[in-house]
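A.B. asks: Residue numbers (this note's numbering), protein chains in the order written: chain B, 1 to 266; chain Y, 1 to 305.
Warning: the hint list may mix true and false statements.
[Said to hold, decoys possible] Pairwise CB distance ranges, derived in the manner of DEER restraints: (1) B:Thr150 with Y:Ala211: 28 to 38 Å; (2) Y:Ala211 with B:Ala64: 38 to 48 Å; (3) B:Leu88 with Y:Glu147: 49 to 59 Å.
Calculated directly from the structure, the hints in this document are not laboratory data.
Where is the CB? At the ideal position from N, CA and C, for every residue including glycine.
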Amino acid sequence: MKNFQLKAKILAQTRIKDNYWYCELDAAQAAKNALPGQFINIRVSDNFDPFLRRPLSIHGANGARIKILYEVVGKATEILAQKRKGELLDIIGPLGKGFDFRKEGSGGRKPILVDGGMGVAPLVFLAEKLAGAKSQKPKAKTLVLIGARTKEGLLCLKDFKKLGCAVKITTDDGSAGFKGRVSGLLKNLLSTLQPAACSIYACGPQPMLKAVADIANGSRISAQLSLEEHMSCGIGACLGCVVKTQDGLKRVCKEGPVFLAKDLIW
Amino acid sequence: MKTNLAVEIGKLKLKNPVMVASGTFGYAEEFKDFMDLKKLGAIVTKTLTLKPREGNPSPRTCETSAGMLNSIGLENPGLESFIKDKLPFLKKLGIPIIMSVASEEEAQEFLELVSRLSTIEEVAAIELNISCPNVRGKGKLIAQDPEATYKIVQEARKITAKTLITKLSPNVTSIAEIAKSAEAAGSDAISLINTLTGMSIDVEQRKPKIACGIAGLSGPAIRPVAVRMVWEVFNKVRIPVIGMGGIMDVQSALEFIIAGSSAVSIGTANFIDPGISAQIISGLKEYLTRNKIADIKELVGSLKI
Numbered sequence: 001m002k003n004f005q006l007k008a009k010i011l012a013q014t015r016i017k018d019n020y021w022y023c024e025l026d027a028a029q030a031a032k033n034a035l036p037g038q039f040i041n042i043r044v045s046d047n048f049d050p051f052l053r054r055p056l057s058i059h060g061a062n063g064a065r066i067k068i069l070y071e072v073v074g075k076a077t078e079i080l081a082q083k084r085k086g087e088l089l090d091i092i093g094p095l096g097k098g099f100d101f102r103k104e105g106s107g108g109r110k111p112i113l114v115d116g117g118m119g120v121a122p123l124v125f126l127a128e129k130l131a132g133a134k135s136q137k138p139k140a141k142t143l144v145l146i147g148a149r150t151k152e153g154l155l156c157l158k159d160f161k162k163l164g165c166a167v168k169i170t171t172d173d174g175s176a177g178f179k180g181r182v183s184g185l186l187k188n189l190l191s192t193l194q195p196a197a198c199s200i201y202a203c204g205p206q207p208m209l210k211a212v213a214d215i216a217n218g219s220r221i222s223a224q225l226s227l228e229e230h231m232s233c234g235i236g237a238c239l240g241c242v243v244k245t246q247d248g249l250k251r252v253c254k255e256g257p258v259f260l261a262k263d264l265i266w
Numbered sequence: 001m002k003t004n005l006a007v008e009i010g011k012l013k014l015k016n017p018v019m020v021a022s023g024t025f026g027y028a029e030e031f032k033d034f035m036d037l038k039k040l041g042a043i044v045t046k047t048l049t050l051k052p053r054e055g056n057p058s059p060r061t062c063e064t065s066a067g068m069l070n071s072i073g074l075e076n077p078g079l080e081s082f083i084k085d086k087l088p089f090l091k092k093l094g095i096p097i098i099m100s101v102a103s104e105e106e107a108q109e110f111l112e113l114v115s116r117l118s119t120i121e122e123v124a125a126i127e128l129n130i131s132c133p134n135v136r137g138k139g140k141l142i143a144q145d146p147e148a149t150y151k152i153v154q155e156a157r158k159i160t161a162k163t164l165i166t167k168l169s170p171n172v173t174s175i176a177e178i179a180k181s182a183e184a185a186g187s188d189a190i191s192l193i194n195t196l197t198g199m200s201i202d203v204e205q206r207k208p209k210i211a212c213g214i215a216g217l218s219g220p221a222i223r224p225v226a227v228r229m230v231w232e233v234f235n236k237v238r239i240p241v242i243g244m245g246g247i248m249d250v251q252s253a254l255e256f257i258i259a260g261s262s263a264v265s266i267g268t269a270n271f272i273d274p275g276i277s278a279q280i281i282s283g284l285k286e287y288l289t290r291n292k293i294a295d296i297k298e299l300v301g302s303l304k305i
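Hey, can you work out the whole structure from these sequences and the hints?
C.D. replies: Shown next as structure tokens:
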């Protein structure tokens with residue numbers, strides 16, 4: 001897939017709540033072929049501070065628009081959140097390999113989306129694509145499991161519901177939904193489902209992904225995990241973001257960020 | 001006004017003095033969407049070793065003030081895979097390919113690599129990377145020892161007729177001394193600088209941000225050091241100098257040329273702005289026209305002091 005470097009005009013920039021922001025960019029070339037799980041690499045400053053680009057998951061792509069959802073966690077995201085509608089943003093994308101969901105939704109397996117924290121960003125986009133797939137049988141309805149530290153960290157519940165997904169929630173402190181980890185919820189639920197009829201898509205912090213991988217591998221369920229690694233270039237040149245797989249080292253930015261759980265070596 | 005950007009490095013004829021630095025451009029394919037690769041003066045490949053190398057553990061890179069640290073550890077597919085999987089794409093570009101090669105552990109492997117690459121027609125030149133700070137050799141890098149530098153360059157010189165470039169480390173007391181050793185041993189050119197060794201610490205965890213602890217610093221943060229070293233080397237050797245270290249734009253490329261670089265390499269900037277080399281090439285042309293300089297060679301080492 002071809003990548004583009006372009007100056008994308010900001011079409012919308014809104015604070016959802018607390019430190020969470022939603023942004024829409026006019027980026028026709030990058031939006032056209034964007035897939036859930038892919039990312040854009042954003043340069044927030046021209047004066048080398050911060051020095052590197054920041055990779056952000058594509059939250060949606062609609063016509064010429066790319067949507068992103070981000071949390072202000074440091075200097076780069078702070079600068080990004082200060083940018084206003086009409087300003088231009090230097091982006092590269094759509095980068096990486098996204099989720100492979102083509103077999104789902106057509107009476108195939110039941111997709112289970114497992115989100116931890118900001119992992120919801122690409123998974124809403126995936127849920128959109130799954131909902132768009134025709135002749136979805138009721139049994140194959142998408143199930144979304146969302147985990148957050150507290151109820152304040154829960155995002156996009158409405159988006160998933162609007163798309164017709166069944167949504168279940170966990171929080172570490174029990175302030176909403178089940179108390180505990182989203183991986184624990186996944187384990188419990190799988191005992192009531194036919195593993196062979198499910199497939200897992202997960203995005204979130206590394207410990208969560210590791211737990212999901214262990215569960216999926218243990219019950220021989222196909223699972224696609226979107227990994228996050230520190231990246232310097234995002235285009236496969238620096239070899240900074242490699243992970244170990246059964247087939248040797250792979251670049252998260254190029255061969256990933258989505259990998260099959262059974263291929264990863266933790 | 002007609003301006004000339006062409007330069008010569010040993011037997012190598014470059015249509016312009018802008019190349020991309022080893023380890024920052026992969027084997028070029030990763031950049032095909034972002035610029036017309038045929039515009040480049042030359043491509044210096046990611047360092048190749050005889051056998052495949054896995055490289056160092058993660059995390060391997062981190063951001064610093066106006067720069068970054070890396071400790072990749074020369075991860076590369078090895079000679080055979082390179083010839084099979086990477087060379088065909090490079091060949092098609094029709095621009096000079098400079099093969100960066102290394103082996104801190106074993107001189108014999110180094111020489112075998114040089115000898116094998118010398119038989120490949122499309123290889124325009126060989127850059128001896130004797131200065132990678134991220135491989136565990138015998139404690140000291142070859143480029144930190146004038147005698148070891150002399151020895152390896154001399155051995156390589158005996159077995160290749162290709163243009164030979166020696167890449168030096170800034171982690172030395174006198175870089176001009178090492179450059180003179182390489183020149184005396186028959187190197188056709190000197191390229192400098194490789195990364196400066198550095199360290200960055202996560203204070204909450206009290207751990208280094210890079211798994212290996214010490215790593216190589218690159219980016220505009222190191223540019224003044226690099227420019228100074230180019231100037232020192234330029235004044236001590238007769239062979240061409242290829243300058244690099246934090247070139248981000250045409251101004252910084254010009255600094256290196258004025259300090260004595262016959263050609264420049266764009267490195268870390270490729271990570272941030274993958275099409276920047278093409279902009280620098282047109283910027284150089286514009287500078288020559290604006291200053292009524294007919295030939296870029298007039299600019300090399302033209303520092304007024």
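A.B. asks: Given the hint of 28 to 38 Å, check if Thr150 (chain B) and Ala211 (chain Y) actually sit that far apart at their C-beta atoms.
C.D. replies: Between Thr150 (chain B) and Ala211 (chain Y), where Cβ atoms are some 32 Å apart, the hint holds.
A.B. asks: Do Ala211 (chain Y) and Ala64 (chain B) keep their Cβ atoms within the hinted range of 38 to 48 Å?
C.D. replies: holds, 41 Å
A.B. asks: Could one say that the CB atoms of Leu88 (chain B) and Glu147 (chain Y) fall in the range 49 to 59 Å?
C.D. replies: holds, 54 Å
The structure fails none of the hints (numbered hints given earlier).
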